[in-house]
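Participant: Listed here are the chains, written in short residue letters.
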Amino acid sequence: MPGLGTSFGRGGATQTPRDMAESDCIVIMGSNFAENHPVGFRWVLRARDKGARVIHIDPRFTRTSAMATDYVPMRSGTDIVFLGALIHYVLTNEKYFKEYVVNYTNAPFIVKDTFKDTEDLEGLFSGFDANKKSYDQSLWDFEREEVKLPDAEPKTLSDKIAYATKKGRPKTDPTLQHPRSVFQILKRHFSRYTPEMVEEVCGTPKDKFLMVADALAKNSGRERTSSFAYAMGWTQHTVGVQMIRTAGILQSLLGNMGRPGGGIMALRGHANVQGATDLPTLWDTLPGYLQMPIILRKHDTLTDYLKTESKPTGWWVNTPKYMISLLKAWYGDAATDKNDFGYDYLPKRIKNHSHYNMFKDMYEGKVKGFFCMGQNPAAGGQNATFHRKAMAKLDWMVVRDPFQTETATFWKEAPEVVSGEVKPEDIKTEIFFFPSAVFAETDGSFTNTNRMLQWKEKAADPPGECRSDTHFTYELGVLLKKLYKDSTLDRDWPIKNLTWEHYAPNPNDGWKVHEPNSHAILKEINGYTVKDKKNLASFLELKDDGSTAAGAWIYTGVMPDEHTNKAAARKGDDYLSLGWGFCWPANRHIMYNRASADLQGRPWSERKKLVWWDETQKKWVGKDVPDFAAAKAPTAKAKDEGIGLDFHSGSDPFIMHPDGRVQIFGALADGPLPTHYEPVDTPIKNMLYKQQHNPAAIYFNIDKNKIHGIGNDKYPYVMTTYRLTEHHLSGPMTRWLPWLAELQPELFLEISPELAGELKIKTGDWVTVETERGKAEARALVTRRLQPLKHGGKIIHEVGMPIHWGYAGIAKGSSINELTLMVGDPNVTIHESKAFTVNVRKGRIRQEV
Amino acid sequence: MNPYDYFTHQLNSPSWHWEIIWYFFVAGIAAGSYITASIAQLTGSKAETGGSVRGYLLGLPLVMIGGFLLIIDLDRPERFLHMLWYFPQNIPMFKASTPMSLGGWALGVFGMFAAFSFLYALVRMEKVTTPVLVKFANALHEGPFAKVNLILGMLAAFYLATYTGVLANTSHLPGWAASPLIPVLFLVSGMSAGMAVMVLMTPKKNELEEYMHKLERADTYMILFELVVLVTFVASLGRWWYTVGSGLYGTLLWVVVVGLGLLVPLAMKWKPNLLGQRTAVVSSILVIIGGYFLRYVVILGPQSGYNGF
Amino acid sequence: MAISRREFLKRTGVAAAGLTVASIGGLDVKPVQARVNSIKLNAKKGKQYPSVCPYCAIGCGMIITSDEQTGKVINIEGNPDSPVNLGSLCPKGAAAFQLVENPHRQTKVMYRAPGAKEWQAKPLDWAMEQVAKRVKETRDKYFVETYEGKKVNMNPAIASLGGATMENEWNYIWLKLMRNLGVVNLENQARI
Amino acid sequence: MAERVGMLIDTSTCIGCKACGVACKEWNELPMAPEDKVEFKGLSYDNQGHLSDTNWRHVKFIEQFNEDRSDSRWLFLSDSCKHCQQAGCMEVCPTNAIIRTEFDTVFIDHDTCIGCRYCVTGCPFGVIQVSDIKGTAQKCTLCYDRLQVGEQPACAQACPTDCIEFGEVDSLMKLAEGREKLLKSQGYDNVRIYGKSDILGGLNVFYLLLDKPDVYGLPENPQLPQKNMMKSYTFSIAGMVATGVLALLAFRSRRMSHKADADQDQDKAV
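Protein chains in written order, with this note's numbering: chain A, 1 to 849; chain B, 1 to 309; chain C, 1 to 192; chain D, 1 to 270.
Don't read these hints as lab results, they were simulated from the structure.
Heads up, some of the hints might be wrong.
Unchecked claim - For lysine to any residue, the following SDA-like pairs were computed, each having C-alpha atoms within a straight-line distance of at most 25 angstroms:
| hint | chain 1 | residue 1 | chain 2 | residue 2 |
| --- | --- | --- | --- | --- |
| 1 | C | K72 | A | E465 |
| 2 | C | K47 | A | G365 |
| 3 | A | K218 | D | L183 |
| 4 | A | K366 | C | L124 |
| 5 | A | K485 | C | L124 |
| 6 | D | K41 | A | R846 |
| 7 | C | K108 | A | W511 |
| 8 | A | K481 | A | T635 |
| 9 | A | K790 | D | D68 |
| 10 | A | K206 | D | G187 |
| 11 | A | K393 | C | Y111 |
| 12 | A | K790 | D | R73 |
| 13 | B | K271 | B | R217 |
| 14 | C | K72 | A | R846 |
| 15 | D | K212 | D | R192 |
| 16 | D | K231 | B | K271 |
| 17 | C | K117 | A | D344 |
| 18 | A | K50 | D | D68 |
| 19 | A | K482 | C | K117 |
| 20 | C | K133 | A | K534 |
| 21 | A | K512 | A | K534 |
| 22 | A | K481 | C | T146 |
| 23 | A | K534 | A | H502 |
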């Protein structure tokens, strides 16, 4: 979630769905809120019933549009032009919240002259290395005062690291006139994103765009707040992260961040995708958003790592405390400051090991063993045929799922096996299929889309040989520890010294199948004092001298003492319900809520009161846990020589950032400011710049993973993919359920009557959709909810298909991931399934052959 | 533009199929033959009643067959007594607001009268001679009670023949509910079919020649009346005429029911010796077949196209 | 006003044979004792467990009722006390019962030998040992201590996919185990 | 006699998610439709088409778009039994299997129903179908078993946007009138309440519609089937008289002309 992380400091939704009921205007873009988060949508409807404007901007008229007050069509992949034009509108018509922008964002900061904008270099920023396809971000730094350091000697490791890496405070021009001020650079950057450009590139009629701009402007400022909601519609693009950045900039200019009914609601897809990003079974991070060591940066020793990763000013000054506490939690007493707390035993990344590189290595025979648990790449992976070919190269593979998914049976039921192209005998992969327990048969916590941990109780024993994944992991750990018991090799040190036994199941927990001790795991995540194993109540208590241990510092506080598990707290109320579950960090529900008060700590308006300074008690109070130093007065002066939070004044709400302010100008792999680039497969060329696509995008030219490029007339139609409320992602949790398979039994293609007329297709006909990567067949659903859009002279048709089907289960069908392309955005290597080009023809796949 | 025309497909068809078609047909003939025989009994001479009494042989067996058909048509046949008895309260199950409840009782009551007349027919054909039965049957059919018994019997018969039409009218399928003429249509069709069967049952004896002539004429009147009622019925359906008047059901209606079942027998009535000896037999058979297909069309036509059909 | 949703937790489960006045058309009969068949709820009376929906990230509260004798789940519906969903659910959540009780659910460990055409059923313990052995073999064979002169201690030969549908506790101990086996190819659905 | 309870279904907040349908199936353990009926129907996002014996709550999808999409709307309606005050099914049921419960709802007593299917065509909304497996008529029971232990119906609880609101009918009616005013003020001009006392004496499960009823496939002015019954009986009596007279005519006239012969025979016989 670097989009939100770079802008505001933390990668997570900034508000809760409940809070959207307080919004005066809700813009839903890059999301089909009612379809995919129906229960959360109740609060949008409550806002609508209170008179709020609900605007849905989407290529398709969907269930969300049916409920919205206004629907605005657009072409998939052009969100940055639309949002950039909104920024342009807000800046040129002076609709921004001046006091908020000057004080709470880095608009006044002055950027070094080595920075050149896309306006100067026709779509590129300065510092681009063409063959490495990456930027030298040092050219984008601010002009800084000279460094000042506190006169006292650094006591802790964190202080030492901060002293060593501190930079001067950026120069500022509060009048926002300086030509190299972020404000002016922003103005110039989006100067050509005009309403006419929106009509040209997005295909959205000008009046509709101006209606959105006007609604947003009217419903922002001191008295009113607007919020944005987004999901895969923004993330699944090669410029996905930058789309979120654009919304972040817009919401900061409008002064909506950190305020009730304002912010950006990231609607995450899975029950625990937030938890799986906080405790990352991801390639690039360690728990608590600490970077995973990588040889491409100075991470050789623990000190190098901490110097590189720790930030001298802002909250991240505490990085050493969190890293060392993590290592203490993993290796217990074996981790001492003599062996850098076991840092060297952490594997270092040698390159980008994200999803597609993993499967590329698999395809090239570098990966021999593969665990696939609760995911279905054979149907859910982009260019699914390639994924199946890669899995065929493995030596062994473990699949854990309640059902025999496409991934479990690719070697005998995949289309290429059924058609005889590939023979099971040629697939040498040895496969272990473990039936897994389902959510009702395990206890544990999920972290929902607004960072709230909720505990669920085990309600029944899993049937037969089904076991929970936690049980599988614990047993595997015990077996491996036994196998490595007598090893003397240095590289086996981590396995031998891993703290593991305290997860052992409790034999008299009242069940027949005993699960590992989830409380012990959560306690380790929460953190405890090493000496007497006492639970820590807050991450403020974490130390960098090895006296504390914590699996994930951001969750500290979920188990403040041995008996209270705040994730299992169940006292709700009718607004933020602080007594229900535990929101990281420190149970703050609306992040950056210090920004809901002005420089003197008074709420911007009585109507939008959230957190304010109580002069008598000398501390921040309000409806939410303050996201600020509890007793730091609003008028506290910033200490130029200070480190950590001392460097910030009492009116710097974004405490995670080095300068305590929204990073309107914030460095990412593809630039400090969002720039529109056309999707990799697109019918028309980039109208704004010579640079057509995201220069830093990651391509995978392997096997049949071919790109269509620009205006490829073999594939003239724009295709977008999406979800239905009756199914869940690639389907293993819904297509095997009769009640849901019955509601949406077959894959369908949504197509406008105009295009269907040209291709002589009627509702119900079989159609085949083709790309260079593969083919998929579906039933046609001719509907006016899709419409051709005019781009200058050219009419572009858009079609759409849901993603849920595969060749196994009760409801079977083609997987649309036979069509999608493996390409990655530079920051998180996410693919572009929301906008690519296809060909559509009548008839089924087989008929042609 | 509302391609999703939920309305027409929203109603459900009760999916009454062959059991109900045969029941309507059999009940029609039972009632028709009983009424004809009773009228002949009341108006005809001793000689004539010799022939007409054969009509009474149809009533009882057909009622039993009808009852059996009704029971096997139920999805829970073993519970057919629920039609007559409300077990949760142990009280008789009688509900005037639904023709089906009254129909059930009517079937029972008519069955009783049909049984008496069946006995009388056996007596007259000397198949039954036990004195007490003979006295009883004659009393009911010739004696003082004849009028009362036959009138009541005929009322029950009339109800049995028409309630099936009222039941169809008391529903929501447009084809059934649009025109109130279905009961009359079923009644007349039952009469003509009943008479046709009686024609077939009458042996060639000259003393019955008189009775045969009357029966033939009555049958002709019925066929004419049925023709009139049928045409007005289809017309009175208004925009729903197509449910019975077009497509498969339309062809059956116009070709088989009207053509073969009514016009041809009418022509034969007009020229009795068209096929020599066998004209009467052939025309009666055609009438009977016409009667069956009339019910086939009127029952299945309006149901087709709806869910569950 | 509406019968309050919180009633749900106070399940009385009393099977009342309701006293009704049934209007039997025509004949007005004395109040008819509505003989109601065995009320489903009784069958569903059981121990209640608060839970969280496994589908999307809104995090709707659920109440799972499982039968005390058989230990089987008999009903799953929304938890009226949860401020996230006030007892409501979406179609997926409402169908979660079939995620638990479903004939298509696998209950046996299956093994596919290299090149085989069919599965073979295998005992759980055997499979666990085999997997542990495979992990050790692959790790020991392909482990990389240094790369381009730098100490890396990584194991490129084992990859892991999945995590966004499982609990925090699993995610934590799995990443802890994988990292300490040297695995760098570790991903889940957050990318897709 | 408990108070008169029912449900208000406010189509302005229905998002067509079908949670109600699934929750109903979960609670009442209704199976999936037969395999051959489960297929893509092309009725927008509705692949069930109608209520049935295994589907007691069916969500309808109506797309209203003009040529240039300037006037575009997607209507959803969660349809089920209306528990009418004057229930066609109850009036035509010959075995009194359909009763009025103490909650004023219409309930099919599965121990009494004989599967005669008359209620299937008695209902003006096409709600009821008979199950081939159980052999009895099936329809929404307004969760009669839940009501008895003080809970609300499964669909009302499951509805994520509170479009299905359970409660006493008169307080729901006030709520509906309030919503109607609010929606009218927000520009939903032809919003209306469908199910006031003008429709079959009032529906206990009534709707707040955004357009004319027939757009949703609901009859404008549904009646009890008994409306036709009296007219039908009068015609059948007329028919009876007509056939009676005709038959008498056919049999008596011959006697008239031969009266003389009959008398002669008598003379001879005497």
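Participant: Holds or violated: A:K482 with C:K117, Cα cutoff 25 angstroms?
Facilitator: 34 angstroms, violated
Participant: For the pair we were handed, A:K485 and C:L124, check the Cα-Cα distance against 25 angstroms.
Facilitator: The given pair, whose Cα atoms are some 23 angstroms apart, holds under the 25 angstroms limit.
Participant: Quick one, are A:K50 and D:D68 close enough, alpha carbons at most 25 angstroms?
Facilitator: Given pair A:K50, D:D68 is violated - Cα atoms ~30 angstroms apart, limit 25 angstroms.
Participant: Need the status of pair C:K72, A:R846: alpha-carbon distance at most 25 angstroms?
Facilitator: Violated. C:K72 to A:R846 sits at ~45 angstroms, over the 25 angstroms cutoff.
Participant: Within 25 angstroms, alpha carbon to alpha carbon, are B:K271 and B:R217?
Facilitator: 13 angstroms, holds
Participant: Does the structure keep C:K72 and A:E465 at a Cα separation of 25 angstroms or less?
Facilitator: Answer holds: C:K72 to A:E465 is near 16 angstroms, not above 25 angstroms.
Participant: Holds or violated: are the alpha carbons of D:K231 and B:K271 at most 25 angstroms from each other?
Facilitator: Violated, at roughly 39 angstroms.
Participant: Between the alpha carbons of A:K481 and A:T635, is the straight-line distance 25 angstroms or under?
Facilitator: 56 angstroms, violated
Participant: With the threshold set at 25 angstroms, check whether the alpha-carbon distance from C:K133 to A:K534 stays at or below it.
Facilitator: 37 angstroms, violated
Participant: For the pair supplied as a hint, C:K47 and A:G365, confirm whether the alpha-carbon distance does not exceed 25 angstroms.
Facilitator: Distance ~51 angstroms between C:K47 and A:G365 Cα, so the pair is violated.
Participant: Is the hinted pair A:K534 and A:H502 satisfied, with a Cα-Cα distance of at most 25 angstroms?
Facilitator: Answer holds: A:K534 to A:H502 is near 15 angstroms, not above 25 angstroms.
Participant: Sort out whether D:R73 lies within 25 angstroms of A:K790, counting only the CA atoms.
Facilitator: Measuring from Cα to Cα gives roughly 22 angstroms; hence the hint holds.
The structure is inconsistent with the numbered hints 2, 4, 8, 14, 16, 17, 18, 19, 20, 21, although it conforms to all the rest.
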